[in-house]
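J.: The listed protein sequences correspond, in order, to chains A and B. If you use this note's numbering, the first sequence corresponds to residues -8 to 329, in order. If you use this note's numbering, the second sequence corresponds to residues 1362 to 1531, in order.
In short, the hints are calculated from the structure, not lab data. A virtual CB, placed ideally from N, CA and C, is assigned to each residue, including glycine.
Chain B stretches covered by chain A per the calculated footprint, using a threshold of three residues with CB under 8 Å from any CB of chain A:
(1) 1388 to 1394
(2) 1397 to 1403
(3) 1411 to 1424
(4) 1441 to 1454
Label pairs and their computed distance ranges (CB to CB):
(5) 80/A to 1443/B: 26 to 36 Å
(6) 1478/B to 104/A: 18 to 28 Å
(7) 1467/B to 321/A: 56 to 66 Å
Residue strings, one per chain:
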Amino acid sequence: MSLPGGKRRVASMPTQANENIVTRLLAGDRRALARVVTLIENHAPQAQRILAQLHAHTGRAHIIGITGSPGAGKSTLVMQLARELRRRERTIGVIAVDPSSPFTGGAILGDRIRMQELSGDPHVFIRSMASRGSLGGLAVSTRDTVRALDAAGFDVVIIETVGAGQAEVEIVRAAQTVVVVTVPGMGDDIQAIKAGILEIADIFVVNKADRPGADQTAAELRMLLSLDDTRKERSWRVPILKTSATTGAGIPELADKLDEHLAALKESGQLAARGGRQAQSEMLALLHQALVERIEAAIGPEEWDRLVQEVVERRSDPYTTAARLAARIGLAPSHEPA
Amino acid sequence: MADERKIRVLVAKPGLDGHDRGAKVIARALRDAGMEVIYTGIRQTPQMIVEAAIQEDVDAILMSILSGAHMAIFPKVMELLRENGADDILVMAGGILPDEDIPAIEAMGIKGNFGPGTPLATITAFVRANVRPERLEHDLAPLEQIDAAFEPGATTPAHDEPARREETGR
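Excised from the complex, chain B in its bound form (with noise of 0.2 Å):
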């Protein structure tokens, strides 16, 4: 099956502990699931993940974070990805985030937010089943986003978002 489009994930590590366990244990489950994932090691910034999300062009980034400084990290990563315009980058979080934390998180548009004792088959099927479908397909319709972000007017891509607009108008 040289075809099949693999589900490329990058697993991050932003902030500053290093407790990388559980992400290399969810990285190992991702890959028995069938995917590519992307491993980049601990204390990543914001800009260091955002960078390597692009240059790996993945579907998908899971950040896990114990520190508690997800408040801080979150919202830089999801304005990083939408200067970049790549914010069909379905993001999630895992760790340990405390309860009062989710509204805001989720609202930022990262989803997920696995905490201790979620099933590895839990996130796997949660990753299959989030990632932005149009990613997915053989002909990778992002392509045609890309394309009218550069040139104006050149392709109208029916499902054109603001984001993309904005890159447009850079």
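Just chain A, same shape as in the assembly (with noise of 0.2 Å):
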């Protein structure tokens, strides 16, 4: 068994090539935007500091998130709302995340088959993520892609993510607004869901509206908002629309409730605040990452074996041992248990 994060080595890139691609994405190089994802997809040893230099070109683009339950039309609706925000010649950028497989770590990445409409298009750029064992709905990797994206200059980022149900809420630290879609006809399902992505939905969509049940299913959605009293303290009213995104019908409307939940946001000064938790969040990942390293290359994976071991046949235990550990790295005041 080895330590979770895997090995990274240090590599010396030179500089120079680095601005490089960075040159080239900030001027809208969709290989080198490609490559880049990648790189931090990959871990390479070169994508912080590509992302580091990134970071003071991002904060313009409108990051939406798009989740519901497998088959809810999310990609489909992704596509449409891309085109109709086309038609308000945004440039847009779309990350779709698709599960990987738990047991041989591939993945089929299937979202582009619903935005062949999209192909061809120089101001859309769409990359298939696989989740690569994160549960969050999203990958490691969503939200460094996010700032690549930014940086290129697309004015929407769009999420869509795995097919998510109760828990997978890791979209609301990624995303500034947050569509959380529905169909008719799921009954209790909306009752299952109302503890999790139920409560991080800035706008909910009834997708697939053409088919019976969508006003009952809307007005469930009303009734169990009318019920979640930390909704009352907030200003924006959260909508529920409906749409069907194989006939377009209500994704204008989608778009203008988007628009103006951004404007809410930098209203209200919730823009701001959130920017805040996602720096102090993505800083205390990249603290645990180091640590971890830190831990590595302190630890060899013979004794990391050994140590666990020690705790499994009981001769130890993992307090004890894990302070031990801590102490010879330099973390741990000495109250390590007797």
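Starting from two chains that each stand alone, build the complex the way the hints lay out.
T.: Right under this line is the structure:
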């Protein structure tokens, strides 16, 4: 067994080369952008240096998350929304996340099938991403990929999550506006999701509204929202929109509401607050990673396996072992359990 | 193994035939071999395939074609890849490819040519063996090639290629 995080080599990549790919990305070069995303996804040594340079160029894109249960029509909705936003002359980056197989690590990323109509538009960039074992509905690299797309100058970045159930709420930390997509006829399923993704919605979409039961679903959502006391203190009233992603009905209204939500976030100061929370969690995550690397550097895999075995065989316990290791890399005060 | 470099493969159905069972079975086999497969669906034009390959930064493209249009479509795909400096991508084909066309297809630089009955393990092993090794390196050498193309003389990659120099002159 090894520590999470894997091995990371510190490579001596010429700074010059990084600057070039950064310059190209900022100029809107699609290959450079695609390659930077690959470097991010693979935790390549130079990815962080590139991202560090990109950060100053970010903060302009409206970051929209689209989440909902599998089969709710997220991909088709993203396609229609992107088309509508193109009519409004916005440029669009799309990150479509699909699950990796927990057994083989492989993945079939099929979201492009529904987005074929966007193909050939130089102002649309679509990247499929496998979740690679991440459980929150996104991949570990999703937020950094948003940063790359933002820096490349896209007006809107749309993140389509893995088909999500109750707990896949990572999207809140990545997006500014979260759209939760549901469909008529889910019945009790709406009850089931109310604790999870229901709470994170800034906009509700009842998709496939050409099917029977759409009004009832909308009414149920309205009722659930009215029961949510935390909502009452917020200035933004969560709209419930009915769309048909196959016909395009309701899509212009969705685009309007997205703009309204962004304006409301700016006005209320929440956009800045979200930015602060995001920066904080990113810094903590990076520190956590640095820590894991330091532990890996200090403790070889053989020693690690031996220590694990000792705990398994009850010759030691996790608390004592962890405290000793922490002390060894200069982290812990000496409150080691006797 | 967060850092294991995943092979990314674009599976595409160019042309107008809609028989995608074979493409889907292969996509599934590649997934089961631990690869990330971007499946684009049917009726893909060469432009769509190349654009998707670039955006997704894939290591390999596998085109499945049964319609007989391969001699029109394949050269266009290869040409567009070269134009975009993306010809370090492994390109493979499968489906119904007449024997007499195989030499021409291979001369284009398209490999594999998996006919009906090819064992899935043969295909997945072929992908693994033929993806350009530098693409799978942790430091991803083609990055330097991109940089060289952008600013001639800034870096001189050891394995520069004629196609990239063409891009430089663009």
